[in-house]
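*Asks:* Here's the letter readout for the chains.
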Amino acid sequence: MATDKKKILIVDDDADYLFQLRHHVEKMGFDVVTAESQREAENVLKNMKPDLAILDLMMENEDSGFILSYKLKRMYPEVPVIIATAVSAETGMSFGISSEQERQWIKADLYLEKGIRPDQLYREILKLLKV
Amino acid sequence: MEVIDILVVDDEPGIRSGVTRILRNFTVSYPFLEDDIGFNVIEASTGEEAIEIISKSTPAIALLDNKLPGIQGVEVLQFINSNHPEILVMMITSYASLDLAVKATNIGAYDFVPKPFTPQELKSSIENITKHYFLRRMTRKLHREGKQVRFQFLTVLSHELKAPLNAIEGYLRMMQEKQAGESIDSYMEFIDRSLSRIQSMRTLIMDLLDLTHIESGKRQRTLREIDLTLVARSAIETMTPLAIQRDISLTLDGTESVVMLADSDDMEILFNNLISNAVKYNRQGGWVKCSISKTTDSVEVRVSDSGIGIESNDIPKLFQEFSRIKNPLCKNVTGSGLGLSIVKRIADMYSATIKVDSQAGVGSTFTVKFPTINSASLNDGI
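Chains as they are written, first to last, in the numbering used here: chain A, 1 to 131; chain B, 1 to 382.
These are computed hints drawn from the structure, not numbers from a lab. Incorrect hints may appear among the rest.
Computed far set for chain A versus chain B, every beta-carbon distance over 12 Å [claimed, not checked]:
1. Lys6
2. Gly29
3. Asp31
4. Val33
5. Lys49
6. Asp51
7. Ile67
8. Lys71
9. Met75
10. Glu78
11. Val79
A few chain B residues facing chain A, derived, Cβ under 7 Å [said to hold, decoys possible]:
12. Ala163
13. Ala167
14. Gly170
15. Arg193
16. Thr240
Simulated pairs of lysine to aspartate or glutamate, EDC-like, Cα-Cα distance not exceeding 20 Å [stated by the list, open to error]:
17. B/Lys178 x A/Asp119
18. B/Lys355 x B/Asp314
19. A/Lys73 x A/Asp63
20. B/Lys162 x A/Asp16
Quick caveat, the model's predicted, so the values are computed rather than measured. In this text, a Cβ means the ideal position worked out from N, Cα and C, and glycines have one as well.
Isolated chain A, as found in the complex:
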């Protein structure tokens, strides 16, 4: 039934990546809502609670994804968040996640490197949705 479909929010400022991810996630059988910026996503979240969110890290600012994740978790603590980024772990330090204080407020359930295969992503989504 269509109403049973889980709703996934995807936020990314790269139109191509957003298009591709929407395509894959819809094919997995989810409803997809997209936003192209942190600001747009915040507006979307005011009117809608997704079942899961996939956020890009670098959008308006280089840590937009973290900020968005933080805000989302404050509104809906139970909604799992995946942060997807083209910046791999080794360069993540430029956002200060290596410092313990900064890690305190960075809350995401999973970090994924962009370019992950759709089937891998699907498995991770199912895991986080606990289905």
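With the hints as your guide, set chain B onto chain A.
*Replies:* Just chain B, lined up with the frame of chain A:
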């Protein structure tokens, strides 16, 4: 070879000796380090013992079982966090307590490895955490040396280069899997988008070359009297095809020569960037005007447009590397985010000032004012 200390805290002797055995002859190497890295394993069977060892000599990495006979692993983690935050902690947990492991990473553990683990799993976890250890050490060092900015630049650069690759790869995979059916026609949009990403990547690389040339100061600069009007005209010719496509009039005010002592490549790059921005961030049917004027003590280059304009609070960001102002109006404009930082660097070398007058929705004027110089008073960089 550099050897780093790893403390293994686990009440099961089998795990401790296993780790010691696996890591005894294990070395890792990273492209950014000259030396290979080896490991010296120190064993502790309880949390209390671990704290005692840590207090005497600080290991680089701690592998921490959570279920310990006395105080728990999480408590050891808390001790490390408050007293030796430089130690990277990896939790060893059974699959049943993955929740706990996630919690532990939230309160400061770097990673976790579920047990039972294979030697290979342990090795790759160790390789990963060790890399982090050295990168962090390097960042601190770079930071001290004031190279953080450089590193930041490379980080953002790698992001800017990877984003189009990811997009193109994504489209290719969708085509490989025939996600839109059998007909090649269904894939035209994917192909167009890929080509456009390749084009913008090429622009980025060209801009980057300009920037590094300017930065390194190694490029041979030839200062001679050059006619800026000619340089401007050539830049206008380059941009004319795009201007025609968008029905934008592109004009140069005045025809007389304005001669200035400068390097012709520098001036070409400067004009190209200013004029191409004026055309790219414009509206259909708009205009771009370029003018060059000379007074006794300065030469002024002015490029005005009827474009989308810039909000006043965005103006300070304009000249930063990779800062592209996010505006729905320029969503489809391709750019490297380097153009204006290149202009700024060139201007700096000539001790020139850049002024931006802009009104959102109306247009922008960029004015570069070169003090009249003679060869003796030039910056050393030239």
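*Asks:* Next, verify each hint and record whether it holds.
*Replies:* Hints, one by one, checked against the model:
1. Lys6: Consistent with the label, A/Lys6 stays out of reach of chain B, its closest Cβ about 21 Å off (over 12 Å).
2. Gly29: About 15 Å separates A/Gly29 from the closest Cβ of chain B, which puts it past 12 Å; holds.
3. Asp31: holds, 19 Å
4. Val33: holds, 18 Å
5. Lys49: holds, 22 Å
6. Asp51: holds, 19 Å
7. Ile67: holds, 15 Å
8. Lys71: The claim stands: A/Lys71 keeps its Cβ more than 12 Å from every Cβ of chain B (closest is about 18 Å).
9. Met75: Given a closest Cβ separation of 19 Å, the condition holds.
10. Glu78: holds, 14 Å
11. Val79: Nearest chain B Cβ is 16 Å from A/Val79, so the label holds.
12. Ala163: holds, 5 Å
13. Ala167: Holds: closest Cβ of chain A sits about 4 Å from B/Ala167, inside 7 Å.
14. Gly170: Where the cut-off is 7 Å and the nearest Cβ of chain A is about 4 Å from B/Gly170, the hint holds.
15. Arg193: Since the shortest Cβ distance to chain A is 6 Å, the answer is holds.
16. Thr240: Since chain A brings no Cβ nearer than about 28 Å to B/Thr240, farther than 7 Å, the hint is violated.
17. B/Lys178 x A/Asp119: It holds: about 16 Å lies between the C-alpha atoms, which stays within 20 Å.
18. B/Lys355 x B/Asp314: Holds: B/Lys355 and B/Asp314 sit about 14 Å apart, inside 20 Å.
19. A/Lys73 x A/Asp63: holds, 16 Å
20. B/Lys162 x A/Asp16: holds, 13 Å
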